[in-house]
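**Student:** Residue-level listing of the chains:
Protein chains: 2
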Amino acid sequence: MKKIVIIGGSAAGPKTAAKAKRMTPENEIELYTQENLISYSACGLPYFIEGTVKNINQLIIRTPEDFEKQGIKVFLEHTAQKILPDKKCVIINGKEVYYDELVLCTGAEPIKPKIKNIDIDGVYFLRRIKDGIAIKEAMHEAKKVVIIGGGFIGVELIEAFVQNGLSVVLVESCSRMMRVFDSEFSDMIKNHILERDGQWVEMHFSQEVEEFISDENGKFTKLITKNGLEIEADFCVIASGVKPNVELARDAGVEIGVTGGIAVDVSMRTNVPNIWAAGDCTQERCLITKRPLYASLGTIANKEGRVAAINLTNCPEVCERFEGILGSAITRYFNYTIALTGISAEDAARIAEKFDIHPISATVVKKDKAGYMPNSENITIKLVADKKTGKLLGAQGIGTGDVNKRINTVTSALQSGLTVEEFLHLDLPYAPPYSSTIDILLTAAYRLNGQIKDKNW
Amino acid sequence: MKKIVIIGGSAAGPKTAAKAKRMTPENEIELYTQENLISYSACGLPYFIEGTVKNINQLIIRTPEDFEKQGIKVFLEHTAQKILPDKKCVIINGKEVYYDELVLCTGAEPIKPKIKNIDIDGVYFLRRIKDGIAIKEAMHEAKKVVIIGGGFIGVELIEAFVQNGLSVVLVESCSRMMRVFDSEFSDMIKNHILERDGQWVEMHFSQEVEEFISDENGKFTKLITKNGLEIEADFCVIASGVKPNVELARDAGVEIGVTGGIAVDVSMRTNVPNIWAAGDCTQERCLITKRPLYASLGTIANKEGRVAAINLTNCPEVCERFEGILGSAITRYFNYTIALTGISAEDAARIAEKFDIHPISATVVKKDKAGYMPNSENITIKLVADKKTGKLLGAQGIGTGDVNKRINTVTSALQSGLTVEEFLHLDLPYAPPYSSTIDILLTAAYRLNGQIKDKNW
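Protein chains in written order, with the working numbering: chain A, 198 to 654; chain B, 198 to 654.
Careful: at least some of the hints might be erroneous.
A pair holds if it fits inside one copy or across any two, identical chains being indistinguishable in the list.
[Unchecked claim] Distance condition first, Cα-Cα at most 27 Å in a straight line; then the derived DSSO-like pairs of lysine-lysine:
1) Lys487 to Lys588
2) Lys251 to Lys566
3) Lys387 to Lys566
4) Lys650 to Lys551
5) Lys341 to Lys327
6) Lys216 to Lys563
7) Lys564 to Lys216
8) Lys216 to Lys650
9) Lys199 to Lys292
10) Lys218 to Lys650
No lab work stands behind these hints: they were computed from the structure.
Start from the sequences and build out the full structure, keeping to the hints where you can.
**Tutor:** Pasting the structure below:
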């Protein structure tokens, strides 16, 4: 019998606990969290704010009672302060808790940009359930909101606020939004949002926020950027990304990777014996570049929790490996899907010399179904490949039609290192309500293949 | 300069002509067809009958004039009677037409079951534009139709007729419908159709039709099966599959494959010098079993036409290869998607001994999106793999949610011979409107992996 102690209760922690208990009911499992609830879907929060998800409880996947019933001890509002690896012990709420295996699922927290008066009322981050509730309340009393950060959460929040009748101002420090995409996709996404909702939505790029101004009650009234732009609003949400919570780990001698996340091997072990890590606090590996990559996503947290549980209950045997990720991501702006997998052409160009690759790309606009079907929609797909090896490197897609299907299809191809030539005649199921006879993915592959076969380079 | 003669005008023929002309404008290209139009989407016919596609002209992709403008000579209502390979000549409408390269795109025609009085009025096949128009006219004067054959076209026709207020009787000679699927999927599809539309739809299995009965005007009134079942209806559509048109080829010494289709190599060459074939008249190769497979689909015809054009204009160099197909197929019954790729568990079991494989499968029912999203729907996905090698062999999916995306994702995995272990943690893009945190595909892969890792077998 082992005692397994898990720190963190959002996604990876509960997953590790539940899986480990199912595999080895004889083990004692304790899960500690600073919060007053566990096992929730943070990625559903924008849809709760929007009103698509009516009740916050719908985002709670399993309650502490569910875990207790399974024989897992859950400790809410407990803060892990220090790990003493030599004693195999964690100090939690001032008390020593001993472990045979310790799993760090300490998650991530919002990046706090350097803005004067950032801690005033009326300035929100979106990370936890309570943040979602607070923002929704603020929204219901407001007519205008300013969002700092034009990434995935930024786009989801614009949708939520527009849907609720607010005027929205987006302020982005970079020259474009959705920076994991190539520039032309950033522009198309921006243009789509402004074409649809330009009367409610205003965007400012290359604007770094310097200061927040509050009223006599200490509540946010406006922001001022370094360029002197002033934006008044009823409240502000900062969506500038997240950073992994690794202080507890670092302090215990656990290695932190170059991305800032905890370094783990394919079994989810850290460098310190009997200490494992999973979820938003860890660093992943990009399967395309083979380099470290940091991603904070519920789906990855769940996979890593699973792998950690399988391996720590079987150790020293490694029974399941987590090899890495493709950087896949998706969101929507109402009926407009925005998705990618692998690396962009601009990212590929940046690493071209170092990796000795010669990136090429093909962008195709085509109907997602047979053009004569009444609900067929244009979508835009860009495929990126390496001209030297012929290997696919990534795909980006946007549009009101079925983009997701195409990006998903490319994930499998990237996972197996498929070349454009191998991908070229992929036997995708075809019928008029689902695809054109030659799917847009294959049209893009044909164009890439033409570039690869072109001997003049 | 070469003279390229193409026989057949539906999909592969026009594709070959257009691609060859674009690649080598100097070549003379002649396209001959028995029909009075070319280049149309036969797979759109059920949606024309249904009324989803309003105008038959929408199914015509390019007109003869479009081809003439491109410099391709089109000969409508011309029948190729005989090939004289030694003279490099085809007899068409009684005249000798000389070629440097000949491409056979003679397509397929409906299988005519052995039924007494099959040629009476009121009995239809659905293959060509004129068939679609005739069936639509018959439908508008009818209250009840009987369909013979419960495959893809059968299902599409049930939808079309139900949508137009007809009573529909399906008669199937086999004990179940949609036979390329595993039996339990056949049952689920049947049950779904009957649950939704049982008041309009009646199905009879294991019933072989023996005879059609006509009224005094020689028009269909009822059918009688070998078991004595009698079904009255206003008209009858036979959808018992198709067979390749290969008589012209066979007569010229072109090799016919075991499936009945013309045998071609990866460049789309036949065994006879300067004779190529593409589209519904050819035999394909299954990429899973590596065995000959016959498929009649517009998407494959287009791919083969492309490959034939590229290679015949470059020959003897082979510039693009068509390696084979996965047997992928999809259709819908209203909002219910029915799709598969690769081989079914039952097919795998049939070839298990010969191929030394040990088929395993996992079937999962799960929401297609985060369960808390209001429009999430249950879908059913079955993955099939080989326990010995761990390789994925196929996938089947049904449901009112996004089935297509999952099946497409598996096609890439099959194309590259991915194992379950490699597929297990596939980084599919995740957001609540698109997937659950652990996608149904990965849940199925986890279950398969459990079976593979189970040493007790």
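**Student:** Just pull the numbers of the violated hints for me, sorted ascending.
**Tutor:** Of the numbered hints given earlier, the structure breaks none, since each of them holds.
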